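Number of protein chains: 4
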Amino acid sequence: MIGHVTEERIRVRYGETDMMGHAYYANYLYWLEQARGAWCRARGFTYKGLEESGFKLPVVEVWVKYRGEVKYDEWIVVRTWVSEIKRSSLKFEYEIVNGATGAVVTQAWTWHVLVGPEMKPVSIPPEERARMERDPAEWAAAD
Amino acid sequence: MIGHVTEERIRVRYGETDMMGHAYYANYLYWLEQARGAWCRARGFTYKGLEESGFKLPVVEVWVKYRGEVKYDEWIVVRTWVSEIKRSSLKFEYEIVNGATGAVVTQAWTWHVLVGPEMKPVSIPPEERARMERDPAEWAAAD
Amino acid sequence: MIGHVTEERIRVRYGETDMMGHAYYANYLYWLEQARGAWCRARGFTYKGLEESGFKLPVVEVWVKYRGEVKYDEWIVVRTWVSEIKRSSLKFEYEIVNGATGAVVTQAWTWHVLVGPEMKPVSIPPEERARMERDPAEWAAAD
Amino acid sequence: MIGHVTEERIRVRYGETDMMGHAYYANYLYWLEQARGAWCRARGFTYKGLEESGFKLPVVEVWVKYRGEVKYDEWIVVRTWVSEIKRSSLKFEYEIVNGATGAVVTQAWTWHVLVGPEMKPVSIPPEERARMERDPAEWAAAD
Numbered sequence: 001m002i003g004h005v006t007e008e009r010i011r012v013r014y015g016e017t018d019m020m021g022h023a024y025y026a027n028y029l030y031w032l033e034q035a036r037g038a039w040c041r042a043r044g045f046t047y048k049g050l051e052e053s054g055f056k057l058p059v060v061e062v063w064v065k066y067r068g069e070v071k072y073d074e075w076i077v078v079r080t081w082v083s084e085i086k087r088s089s090l091k092f093e094y095e096i097v098n099g100a101t102g103a104v105v106t107q108a109w110t111w112h113v114l115v116g117p118e119m120k121p122v123s124i125p126p127e128e129r130a131r132m133e134r135d136p137a138e139w140a141a142a143d
Numbered sequence: 001m002i003g004h005v006t007e008e009r010i011r012v013r014y015g016e017t018d019m020m021g022h023a024y025y026a027n028y029l030y031w032l033e034q035a036r037g038a039w040c041r042a043r044g045f046t047y048k049g050l051e052e053s054g055f056k057l058p059v060v061e062v063w064v065k066y067r068g069e070v071k072y073d074e075w076i077v078v079r080t081w082v083s084e085i086k087r088s089s090l091k092f093e094y095e096i097v098n099g100a101t102g103a104v105v106t107q108a109w110t111w112h113v114l115v116g117p118e119m120k121p122v123s124i125p126p127e128e129r130a131r132m133e134r135d136p137a138e139w140a141a142a143d
Numbered sequence: 001m002i003g004h005v006t007e008e009r010i011r012v013r014y015g016e017t018d019m020m021g022h023a024y025y026a027n028y029l030y031w032l033e034q035a036r037g038a039w040c041r042a043r044g045f046t047y048k049g050l051e052e053s054g055f056k057l058p059v060v061e062v063w064v065k066y067r068g069e070v071k072y073d074e075w076i077v078v079r080t081w082v083s084e085i086k087r088s089s090l091k092f093e094y095e096i097v098n099g100a101t102g103a104v105v106t107q108a109w110t111w112h113v114l115v116g117p118e119m120k121p122v123s124i125p126p127e128e129r130a131r132m133e134r135d136p137a138e139w140a141a142a143d
Numbered sequence: 001m002i003g004h005v006t007e008e009r010i011r012v013r014y015g016e017t018d019m020m021g022h023a024y025y026a027n028y029l030y031w032l033e034q035a036r037g038a039w040c041r042a043r044g045f046t047y048k049g050l051e052e053s054g055f056k057l058p059v060v061e062v063w064v065k066y067r068g069e070v071k072y073d074e075w076i077v078v079r080t081w082v083s084e085i086k087r088s089s090l091k092f093e094y095e096i097v098n099g100a101t102g103a104v105v106t107q108a109w110t111w112h113v114l115v116g117p118e119m120k121p122v123s124i125p126p127e128e129r130a131r132m133e134r135d136p137a138e139w140a141a142a143d
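Chains as they are written, first to last, in the working numbering: chain D, 1 to 143; chain C, 1 to 143; chain H, 1 to 143; chain V, 1 to 143.
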């Protein structure tokens, strides 16, 4: 399954670079998180709202392949989709593209588990699953 | 002197919060930096370009007054202006406004010194000063 | 009032630098926070314990003067003391010293307000005040 | 090949947590970096010195499996070893252990490529390789 792709544009901050002159490897994980927020929003809901309804979706595994440099003040585009949904977990995949050249500069995935208020895994409810499988083209984005 | 104000909208990231439930106090300084980048851009130049021409503008002093909570997923607007320009230094002032309510949630200022390649203070060249004093309304923004 | 000084040694991380080659200005605020934690610990309690007992001590104002460079892999020493205690607020002051040369590279202060579970200011209880005014030499440090 | 393990103790900062109440997933990557610095140091050299001699060792791939919660003020121990050295690349592996319980809370690995001043991959020189393969027990740690 390859879900619909959502794109999020992000400009690299000075404080996200390190003395090597490009973005520090940990900061990419902030961008993936921002992109997941946009992915929800494109499907008419927010991750904040998901938490307010009693769920959380912590990251349990992450993989990132840094293929090239990402530098200060550049626009990057994070392309995000869900590639797998299991009983209580799901996998996001990502491509980070240089906004100017279109070159893929990073590939990544993250696995998440849906947990309830006690931080225990719970089955993804049908209505949550339906939202995750939505075609954004058919939905108004959340604010 | 109160320079023209530039506004930058920023959405608060999950990773910018802490266990107290709102944005961690250090992360506001990233937002101020992003807002300074937007301030340059609105005047037709970029901070990146300034560095490429051999200058740097490090922060030498910062003050922030946190007036209220800033939370995950909220839009904030950072209003930025230059209030003072000396021989080799300048002062930025900021108001951070809650994007939904318009309430001022933070006030801040930063002092910066213009330094050359040796990291020694240098006089602000007239052409740099002119760019800093531009009315953005009369200039095309940099990309 | 100048309270007893507590020192905390910290080694600068690579990810705390930026492309200018030294520590990014926001990261100093993490070090101040770590130093406050050490300050509590030297007086036989922990900030974590303070939160567990229903209080929080958010930062409401910060000032930092960056006097010189702090670079990757250097040891810094954060010297921390409380200079003022009011009804529901207190002020920490800091000097950051280069661990190798002893030079003061940064000065800073932060104001904090004691709040209860509702995030409303509360009077500092006498027993909390007593802990804050302790002479660490007379107390076993918390683990 | 399983190289000698180096352990680095780190106390979790408040600013490293997020509103979920435990450490934000990106911050683990700072700890891995600090642990690699300690790994070098235990073998009598520093990563800083490696860069000063004209090399860099950027991360090209990272994988992290978050097995449990890491919370504010806890001691964690990062156990680090090199499991593979190729012509111009090497793999670090890590276990993050809760300092109080000894439970493994995270597993991770990172791949790095040795690059020269032009950021192009270079063969790992024999003397660098020898340092990487050292038994720390036979060397005085770098300061």
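By construction, these hints were calculated from the structure, which means they are not laboratory data.
These numbers come from a predicted model, not from an experiment.
Treat each hint with caution, since some may be false.
Copies of the same chain are indistinguishable here, so a pair counts whether it falls within one copy or spans any two.
Below, simulated DMTMM-like cross-link-like pairs (lysine to aspartate or glutamate); rule was C-alpha separation at most 20 Å, straight line [claimed, not checked]:
1) Lys65 to Glu52
2) Lys48 to Glu95
3) Lys65 to Glu93
4) Lys120 to Asp73
5) Lys71 to Glu127
6) Lys120 to Glu95
7) Lys65 to Glu7
8) Lys91 to Asp143
9) Lys65 to Glu51
10) Lys86 to Asp135
11) Lys56 to Glu128
12) Lys91 to Glu61
13) Lys48 to Glu74
14) Lys71 to Asp143
15) Lys71 to Glu52
16) Lys120 to Glu69
17) Lys56 to Glu69
18) Lys86 to Asp73
19) Lys120 to Glu93
20) Lys71 to Glu61
21) Lys65 to Asp135
22) Lys120 to Asp143
Going down the list of hints, with the structure as the test:
no., hint, result
1, Lys65 to Glu52, "neither (33 Å within a copy, 26 Å between copies)"
2, Lys48 to Glu95, "neither (24 Å within a copy, 25 Å between copies)"
3, Lys65 to Glu93, "both (12 Å within a copy, 16 Å between copies)"
4, Lys120 to Asp73, "neither (40 Å within a copy, 23 Å between copies)"
5, Lys71 to Glu127, "neither (40 Å within a copy, 27 Å between copies)"
6, Lys120 to Glu95, "neither (30 Å within a copy, 23 Å between copies)"
7, Lys65 to Glu7, "within (19 Å within a copy, 26 Å between copies)"
8, Lys91 to Asp143, "neither (24 Å within a copy, 34 Å between copies)"
9, Lys65 to Glu51, "neither (29 Å within a copy, 22 Å between copies)"
10, Lys86 to Asp135, "within (19 Å within a copy, 45 Å between copies)"
11, Lys56 to Glu128, "within (12 Å within a copy, 35 Å between copies)"
12, Lys91 to Glu61, "both (9 Å within a copy, 18 Å between copies)"
13, Lys48 to Glu74, "between (28 Å within a copy, 10 Å between copies)"
14, Lys71 to Asp143, "between (29 Å within a copy, 15 Å between copies)"
15, Lys71 to Glu52, "between (36 Å within a copy, 13 Å between copies)"
16, Lys120 to Glu69, "between (38 Å within a copy, 12 Å between copies)"
17, Lys56 to Glu69, "between (32 Å within a copy, 14 Å between copies)"
18, Lys86 to Asp73, "neither (38 Å within a copy, 27 Å between copies)"
19, Lys120 to Glu93, "neither (24 Å within a copy, 28 Å between copies)"
20, Lys71 to Glu61, "between (26 Å within a copy, 18 Å between copies)"
21, Lys65 to Asp135, "neither (28 Å within a copy, 30 Å between copies)"
22, Lys120 to Asp143, "neither (29 Å within a copy, 30 Å between copies)"
The structure fails to meet hints 1, 2, 4, 5, 6, 8, 9, 18, 19, 21 and 22 from the earlier list, while all remaining hints are met.
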